[in-house]
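Just so you know, the protein sequences line up as chains W and Y, in that order. Using numbering that gives the first Met the number 0, read the first sequence as starting at 0 and increasing by one per residue. Using numbering that gives the first Met the number 0, read the second sequence as starting at 0 and increasing by one per residue.
Worth flagging that the hints you see were computed from the coordinates, not collected in a lab. The model shown is predicted, which means the values in this text are computed figures rather than measured ones. Some clues are possibly wrong.
Stated by the list, open to error - Derived Cβ-Cβ restraints for the label pairs, each shown as a range:
| id | chain 1 | residue 1 | chain 2 | residue 2 | range |
| --- | --- | --- | --- | --- | --- |
| 1 | W | S226 | Y | V137 | 44 to 52 Å |
| 2 | W | A212 | Y | R66 | 21 to 29 Å |
| 3 | Y | R158 | W | E22 | 26 to 34 Å |
| 4 | W | A36 | Y | P138 | 20 to 28 Å |
| 5 | Y | E96 | W | R231 | 25 to 33 Å |
| 6 | Y | E9 | W | A8 | 39 to 47 Å |
| 7 | Y | P44 | W | A32 | 48 to 56 Å |
| 8 | W | A8 | Y | E100 | 36 to 44 Å |
| 9 | W | E53 | Y | E9 | 20 to 28 Å |
Glycine residues also receive a C-beta, built at the ideal position from the N, C-alpha and C atoms.
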Amino acid sequence: MQPTPTTGAHPEDGVLLRLLDGEADAAEQAAAAPHAAACAECRARMDAMARRRERLGALLARADFPVPASSAPEPGVIPLHARRREAAPARPWLRAAAIILVVLGVGAVATPARAWIARWITEAWESVTGDEAPPAPAPAPAPAPEPAEQTAAAQVGFVPTGAELTVVVAHAQDAGALTVAAAPGESATAEVVGGTGSADLLVLPAALHVRNAPGSAAEYRLALPSSVRRVRVRVGEGRETVVNMAEVGDAGRRVELSGGG
Amino acid sequence: MLDVGALFAEHHAPLFRYLSRLTGDPDVAEDAAQEAFVKLVEKPPVPGQTRAWLFRVGTHAAWQTLRTGRRRKRILEGGVDRAPVGDAPPLPDEAAEAARERERVRRALDGLPERDRGILLMYQEGFKHREIAESFDVPVHSVGTMVSRALRKLALELRLDD
Numbered sequence: 000m001q002p003t004p005t006t007g008a009h010p011e012d013g014v015l016l017r018l019l020d021g022e023a024d025a026a027e028q029a030a031a032a033p034h035a036a037a038c039a040e041c042r043a044r045m046d047a048m049a050r051r052r053e054r055l056g057a058l059l060a061r062a063d064f065p066v067p068a069s070s071a072p073e074p075g076v077i078p079l080h081a082r083r084r085e086a087a088p089a090r091p092w093l094r095a096a097a098i099i100l101v102v103l104g105v106g107a108v109a110t111p112a113r114a115w116i117a118r119w120i121t122e123a124w125e126s127v128t129g130d131e132a133p134p135a136p137a138p139a140p141a142p143a144p145e146p147a148e149q150t151a152a153a154q155v156g157f158v159p160t161g162a163e164l165t166v167v168v169a170h171a172q173d174a175g176a177l178t179v180a181a182a183p184g185e186s187a188t189a190e191v192v193g194g195t196g197s198a199d200l201l202v203l204p205a206a207l208h209v210r211n212a213p214g215s216a217a218e219y220r221l222a223l224p225s226s227v228r229r230v231r232v233r234v235g236e237g238r239e240t241v242v243n244m245a246e247v248g249d250a251g252r253r254v255e256l257s258g259g260g
Numbered sequence: 000m001l002d003v004g005a006l007f008a009e010h011h012a013p014l015f016r017y018l019s020r021l022t023g024d025p026d027v028a029e030d031a032a033q034e035a036f037v038k039l040v041e042k043p044p045v046p047g048q049t050r051a052w053l054f055r056v057g058t059h060a061a062w063q064t065l066r067t068g069r070r071r072k073r074i075l076e077g078g079v080d081r082a083p084v085g086d087a088p089p090l091p092d093e094a095a096e097a098a099r100e101r102e103r104v105r106r107a108l109d110g111l112p113e114r115d116r117g118i119l120l121m122y123q124e125g126f127k128h129r130e131i132a133e134s135f136d137v138p139v140h141s142v143g144t145m146v147s148r149a150l151r152k153l154a155l156e157l158r159l160d161d
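Required output: the full structure, derived from the provided sequences and hints.
Set out below in structure tokens:
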């Protein structure tokens, strides 16, 4: 091919890349596109950038870590978002939590876990308020539910998706601990069981996030089914404690959350 | 309403992939991805910007984790190549080859300045220059320059022009 005569200086690589990506603005288009289209050297530079991008993509893909299977959303993965606020002891219902349901991977039919959650909400509502429970989530088919804010106990339930669960505690506390215990069945529960302070409990696949406040002295309990064999508890930016569930006794294993350890 | 389940299904794997490329540490990547989704639930972004928002938040979470040094010890101890829980262990030959490839790519990526690496990797994920510029707080016109410079450097390190 005969090179076409061009005018003007060669555009810099950044401009050529924007032309290549269709991201050049009108002024650049007008100034650089005619030159780039007619200039063999600029076309070669653009070809080289496209080739590098493609080859780098293939190389990165071959070297990728596998996506953790435990994080893949599946029917039955039911994370909940619960908030517990400081309670007034004289009025137990004020100790209640606002619970926001966030359902991941809702299948076409209600899963056992989802049904379990529905039961749990019903029971929690009744135990706290003494009122008739609000309607449980419709069983099947299961549309993505509205985020439901309800007054209930400061407890969240979920079905762990893997053999390892990570608990991330946002801040070291002044006092308090997380007690990890075994639970029958396939479902897990996490709850604020005492002490003082506030915390959000947020469950995502393979992780429980405790969004506590610095200086909190809250006590937490995490009850896990036998499918979970190991729990990693991270406190703030500091230490990590690994709990082997096979070594957890009937009373559970207590992990201190205070700064000193 | 915010359909976190659908957003998780759509964005988690690409986000984890990007963050593991960015950091070289799948544990940091998974933690940062989880953190991004936690923040998504707590404070959802403007609709239509969720993907770029998740990548931006995940990037900063990953950098924050690395800067605390919490993970550095584990990296030095060689704990990075562990198979994530739930995955079948790869065959030895495949694992060795993947490890070699990963190490070669890792060294090349680590040779880039942190910000250029993030910009290049978001570019490889198909983001618009504007989205990348907003994520890394750089002028939009500098994205093309940074990407082309990073590609040129990696072309030498990884023989992309051969």
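Hint check:
1. W:S226 x Y:V137: 44 to 52 Å: Given about 46 Å between the Cβ atoms, the range holds.
2. W:A212 x Y:R66: 21 to 29 Å: holds, 23 Å
3. Y:R158 x W:E22: 26 to 34 Å: holds, 28 Å
4. W:A36 x Y:P138: 20 to 28 Å: Hint holds: Cβ distance 26 Å, inside 20 to 28 Å.
5. Y:E96 x W:R231: 25 to 33 Å: holds, 30 Å
6. Y:E9 x W:A8: 39 to 47 Å: With Cβ atoms ~44 Å apart, the hint holds.
7. Y:P44 x W:A32: 48 to 56 Å: Check failed, 34 Å falls outside 48 to 56 Å.
8. W:A8 x Y:E100: 36 to 44 Å: Holds, at about 40 Å.
9. W:E53 x Y:E9: 20 to 28 Å: holds, 24 Å
In summary, the one numbered hint that this structure violates is 7.
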